[in-house]
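Spelled out from the first residue to the last, the chains are:
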Amino acid sequence: MSPGGQAEARQGGSLVLTPASARLSGDWTLRALGPQLPGLRRQLRMASADAAWSLEAVERLDSFGATLLWQAWGRRWPTQLSLRPAHRQTLERVARSAERPLPQLSAFTPIDAVVALGGALIAFLAHVRDFVALLGQIFLDLLHVLRHPRDWPWLEISANVHKVGVKAMPVTALVGFLIGVVLSYLSSLQLKVFGADVFIVNILGLGIIRELGPVLVSVLVAGRSGSAMTAQLGVMRVTEEIDALAAMGVSCSLRLVLPKVIALGLVMPLLVLWTSTIALLGGWVSAWVELDLSLRYFVDALPDAVPVANVYIGLSKGAVFGVLIALVACHFGLRVKPNTESLSANTTASVVTAITAVILVDALFAIATKSIGIPG
Amino acid sequence: MNPPASSPATVVSLRGITTRFGRNVVHEELDLDVARGEIVALVGGSGSGKTTLLRHIIGLTRPAAGTVQLFGELLQAGDRSARLSRQRRFGVLFQQGALFSAFTVGENIAFPMRELGIMSAAEIDDLVALKLAMVEMEPEHSVLMPAELSGGMVKRAALARALALEPELLLLDEPTAGLDPERSASFVRLIRALHGDLGLTVVLITHDLDTLAAMASKVAVLADRRILSYAPLEETLRVDHPFIERFFRGAQGQRALARATGAN
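Note that the protein sequences, when read in sequence, are chains L and Y. Under the numbering used here, the first residue of the first sequence carries the number 1, and numbering increases by one thereafter. Under the numbering used here, the first residue of the second sequence carries the number 377, and numbering increases by one thereafter.
Same shape as in the complex, but just chain L (with noise of 0.2 Å):
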């Protein structure tokens, strides 16, 4: 081509067409190639195999631009082509490369379907598998702690204590008031319809007390303890410090999980009694407003609205639930893999998981203590 037409083609490429003949010139490569690249393909695929392809006008050609030529070509040498060496062994090179594809991932069968049901099932069972040992795990420990006093992970535990209990109190009090107002509110409404005022007492105290409390807070803590579990033990995981542990001679179990398990167990029966209390602080108020009840008759009929052994199942309910919150959020945090995807997949699992079982368990909770602590 004349001497204006390579001058031209420093900006990008370009291809003259003739029905024997195929000429290109100018850069062939991503960058110059880019803003005309619509067009170009258009050409390209007008252009056939057979005719005599010229890239000896070509000034630059990246393996872009090979791949782009290679694909017009139907993933073959033209029968005609002329071209510089240097450009030839990036096309040799994309040839070659070319001639072993990247394995495809197969279409979806009826066959996939089965096979991800079973591996479901499968996965399913390994979860129960590893609950299992984990318990037996944590059971063999506190054996060993009881025979071995020194042993004990005070430090841990006490750590955990703190960041799990004190650190949680202002949330789970601002929740808790805040849900106390609210539902002495509604309810006070409907009962000044009734004038039965003074059952606010019973609706606040025996809801409180014996159900929401103890959910209330399981789920607070689920979502802000549990996942920190997770997340912690699974980063340990992926940067090796549980191994480096092991490799140390000291017990993940013993002083990773059990510390939390323990310590959610103590913590979670006062947060659950520190929770209730300012919820029921919150009804008062609303009460208060609403009905223009006093405190001192609030304080006076609660004992005789709610049976005392209902603080004792919202107590007990609260340790339980604490238990099993630490252990799923164990369990799912020594399952990470080491990438992301699997960090935030088992963080939710724990989260999710946790929250439905201690759903579950409230309800066998309440299935078991149905003739305990019901006034009337």
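Since the hints were derived computationally from the structure, they do not count as laboratory data. Quantities reported herein were computed from a predicted structural model and do not represent experimental measurements. C-beta: ideal position from N, C-alpha, C; glycine also. Relax, there's no trap hidden among the hints.
Computed list of lysine to any residue pairs in SDA-like fashion (alpha-carbon distance at most 20 Å, straight line):
hint	chain 1	residue 1	chain 2	residue 2
1	L	K192	L	V181
2	L	K337	Y	S526
3	L	K337	Y	M529
4	L	K370	L	L206
Which bits of chain Y does chain L cover? Going by a derived footprint, with three or more residues having C-beta under 8 Å, they are:
hint	stretch
5	477-486
6	497-503
7	521-528
Examples of chain L residues toward chain Y, derived with CB under 7 Å:
hint	residue
8	L30
9	F64
10	R100
Position chain Y against the provided structure of chain L, taking the given hints into account.
Same frame as chain L, but now just chain Y:
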């Protein structure tokens, strides 16, 4: 606006770079020019700010003072699309590979190509296969997850990703750290071959004298908050400075240099 002259001879140009972390001054009035086609090794003691300098070039951090020019243009110049197209002219190999752990190797390499938005799926597949072949990996490796790769393979896959958009400039942070000597040597051969084939400009950080001696056309020594010397290896060795004395003339340095000169 005129299109930039065919290819400015200076690919990276740092002028008067000053970096501070709190009260700690890392670079002071530092200048460095990297010409097209060079393989520049950046060496310096721990904490001398090598990686920080590399991050300035990439644009991840900005120096407290001074300018960074890439391909003859200021790093921050132009609108969003101009900056983006400048960023696509260089590839970075991070120290740990920085492969996206949720993607397969193939998806990792395809990712920048998909982001570009002008390539068809068939072209991307072919190019991924080609980039894998360039870094001497097999097509079957494309379906593996990064977690399933060995250290050397992670570096290769990350290099393939860095090469995805046909870069003119390749920035390597400790490319051979954590590799055994044999893998390290083959990785060096690989980068040298790519440098020859693709006409790349390479800036690398390294502590490994073998890598340095085998690859670098120029050595930039970062000490005393500035570029102490910027010259081919033989000339660098003649500079009289305690750091160069320690770094190059220790027992390990002598061995590496003897091997390199023997090989030449």
